[in-house]
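Now for the letters of each chain:
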Amino acid sequence: MSADSNERNAPAEREWPLFEIFIRARGGLDHKHVGSLHACDARMAIEHARDLYTRREEGVSIWAVPSASIVASDPEDAEAFFEPARDKIYRHPTFYDIPPEVKTL
Amino acid sequence: MNPSREAPALYRYVLRLGDLALVLGQRLSEWVGHAPALEEDLGLANTALDLVGQARLLLAYAGEIEGRGRGEDEIAFLRDQGQYLNPTLAEQPNGDFGETIVRQVLLDAFQLALYERLTSSRDARLAAVAAKAVKETRYHLRYSAGWLLRLGDGTEESHARAQRSLERLWPYTVELFEADALDRDMAEQGIAPSLEDVRSAWNRHIDEVLAEATLARPPDRPFTWFGKRGEHSEHLGYLLAEMQYTQRAYPGARW
Numbered sequence: 001m002s003a004d005s006n007e008r009n010a011p012a013e014r015e016w017p018l019f020e021i022f023i024r025a026r027g028g029l030d031h032k033h034v035g036s037l038h039a040c041d042a043r044m045a046i047e048h049a050r051d052l053y054t055r056r057e058e059g060v061s062i063w064a065v066p067s068a069s070i071v072a073s074d075p076e077d078a079e080a081f082f083e084p085a086r087d088k089i090y091r092h093p094t095f096y097d098i099p100p101e102v103k104t105l
Numbered sequence: 001m002n003p004s005r006e007a008p009a010l011y012r013y014v015l016r017l018g019d020l021a022l023v024l025g026q027r028l029s030e031w032v033g034h035a036p037a038l039e040e041d042l043g044l045a046n047t048a049l050d051l052v053g054q055a056r057l058l059l060a061y062a063g064e065i066e067g068r069g070r071g072e073d074e075i076a077f078l079r080d081q082g083q084y085l086n087p088t089l090a091e092q093p094n095g096d097f098g099e100t101i102v103r104q105v106l107l108d109a110f111q112l113a114l115y116e117r118l119t120s121s122r123d124a125r126l127a128a129v130a131a132k133a134v135k136e137t138r139y140h141l142r143y144s145a146g147w148l149l150r151l152g153d154g155t156e157e158s159h160a161r162a163q164r165s166l167e168r169l170w171p172y173t174v175e176l177f178e179a180d181a182l183d184r185d186m187a188e189q190g191i192a193p194s195l196e197d198v199r200s201a202w203n204r205h206i207d208e209v210l211a212e213a214t215l216a217r218p219p220d221r222p223f224t225w226f227g228k229r230g231e232h233s234e235h236l237g238y239l240l241a242e243m244q245y246t247q248r249a250y251p252g253a254r255w
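Going down the list, the sequences are from chains C and U. All residue numbers in the first sequence are consecutive under our numbering, ending with 105. All residue numbers in the second sequence are consecutive under our numbering, ending with 255.
I should point out that these hints are in silico values taken from the structure, not numbers from a laboratory. Take every hint as true, because none was put in to throw you off.
Listed next, with one range per pair, are the computed distances between beta-carbon atoms: (1) C:R43 x U:R168: 21 to 29 Å; (2) C:G27 x U:E156: 44 to 52 Å; (3) U:R164 x C:G27: 45 to 53 Å; (4) C:P17 x U:N94: 26 to 34 Å; (5) U:V32 x C:W16: 17 to 25 Å; (6) U:R184 x C:D41: 42 to 50 Å; (7) C:I98 x U:L49: 45 to 53 Å.
No residue lacks a Cβ here, since even glycine has one placed at the ideal position from N, Cα and C.
Using the sequences and the accompanying hints, generate a full structural model.
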C-alpha cells in the first residue's frame, strides 16, 4: 500500500466499524440484508439497526454482522466464477413437466 | 386563572406527566442535525418522537378533564411557563452529548418506574397510556444507559465529563420524589403510585447503571426545585419561545 493511500485511510480508522444489518420481516421468513451502519460495539449495532431499519415495523428480529467478518468473492474473479454457468441451461429444472397439483415451484 | 392552583387535581397531575414528556421531547429534538453521528441523530429523534407521542395522549386527556374545549395543541402551545408542570430536570439544557445522556438516564429511569406502576392505575385512561409508554421507555433507558456505560467506563476525559454532568444534574432529581399535596391526593385515590415506591425502583435502576458505568452517585442535597408546581428554572422560557413561536405568530396555523 502506498504512503498516499495510507494517509487517506487514516481518518477512516478512527470511525466506528461498519456492520451489515439483516432483518427478519416475520416469523418463518429468512433474515434479509437491508444495509449497513456504523457502531462502536455489538450492542450499539443492534440498537442503531432498530432505530434505522425498524421504524415502520419492518421486522421482528435483527442480525448485525461486522462487515470485516464477511468474506467476499473478488470482482476480478467474476469471469472465471460465474460465466461458465451461463451456457449450462440443463442445470435448470426446466425439462420436467410439473403436475398441475404442484403449486409451490 | 392559574390552572396550577385552581384546576382539578387530576388535570394538574396529568399535566405533570404530559409536560415532562413534551419538554424532554423538545429538548432531545434540538439534537436533530447536530448529533455526533447520523445513527445517533436518528436514535435521539426516535426517543424524542416517542416522548412527543406520549405528550399528545396525555395533554389531550388533560384537555378533556379540564372540560373547557381545549385540545392537545392549545395546551401545548398556548400555555405560559408558570402553567407548565414538568419537573425542572426535564428543561435543563442539552450541554454536551454526555450531559444529554446523563439527563436522559435519570429521567428514563424515572418514567419507567412511574409508567410501570401507572399501568395498574384506577384511572383507565392513564393505565392505557402507561401500558403503551412503558414499552417505549424500556427501550429509551436501554439506549441511554448503554451510552452512559460507554462514557463513564470509557476514556479518562469521557469519565470526568460524565461525572461532572451527573454532579450538575443530580440536585434536580430531589424534586422527582418529593411528594406534595397533589401527589399524595393522587396516590390515596389509587390513580398514581406512591413516590416512595417510584423512588425505590428508580434507585435500583440508577445504582445499577452508575456502578456499571464506574460513576459515583452524588449525595442528595436538601435544596429542591419546584418545576412541577410551575416554578421553573430560567431555561424553560427559551425552550417554550422556540416551541411555541409558530402558534403564537400565526394563531391556529395548521400543516
